[in-house]
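Work the whole structure out from these sequences, hints included.
Residue numbers for the sequence shown, in the numbering used here: 2 to 132.
The set of hints was computed from the structure by calculation and includes no laboratory data.
Just to be clear, a hint being listed does not mean it is correct.
[As the list claims (entries may be wrong)] Quick list of simulated restraints, FRET-style, between CB atoms: (1) Ile126 - Thr94: 15 to 23 Å; (2) Asn95 - His50: 18 to 26 Å; (3) Val4 - Trp42: 40 to 48 Å; (4) Val40 - Leu8: 20 to 28 Å; (5) Asp3 - Ile35: 45 to 53 Å; (6) Val97 - Val15: 34 to 42 Å.
Beta carbons are placed, not taken as given, at the ideal position from N, Cα and C, and that holds for glycine.
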Amino acid sequence: MDVRIRLGRSIYFVLAIILSLCVTTQFFLAGMAIFMSPVNWLKHLSFVHIFGFNLPFLMIGFAVVGKMPLGAYLQLLGVLLTVFTLYFTANITNIVPWLGAMHPVMGILLFALSLSIVFQIWNSITNKKQH
2 MDVRIRLGRS IYFVLAIILS LCVTTQFFLA GMAIFMSPVN WLKHLSFVHI FGFNLPFLMI
62 GFAVVGKMPL GAYLQLLGVL LTVFTLYFTA NITNIVPWLG AMHPVMGILL FALSLSIVFQ
122 IWNSITNKKQ H
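And the structure:
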C-alpha cells in the first residue's frame, strides 16, 4: 500500500474517532440540558452544526484519497442520512410529536454507525494482507 493510501486511511481513522467523540459529546450535552438546565439545549444545538455534515463530508474526501472500499462510502451515506433524520426529528416535534420522540433513537443509531466505522477502519489499517 503506498504512502498516499495509508495517509488517507489514517486521517479517515482519526476523523472517525472524532465523529464518535462528537456524537458522545452530543449525548452529554443533551443530558446536561435534561438534568441540569434547559440552557444547555443551545450548546447541544450549536455543537451539531460544527460536525454534523462537515465531518462526514471530510471523511468522504479522505475515503477517496485512501481508496476505501464501497462499504465505507455506504457507511458514510448512512451517517449523512442519519444526521439529516436527526435534524428532521428535532424540528418536526411540534407537528408530529411521536417523530420527535425518535430523535434519541436516531442518535443511538448514529453512535453505533460511528463506532462501526472506527472498528472497520482499524481492522483495515492493522490487517497487513489488505490493500
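Please name the hints from earlier in the document that this structure breaks, with their numbers sorted from lowest to highest. 1 and 4
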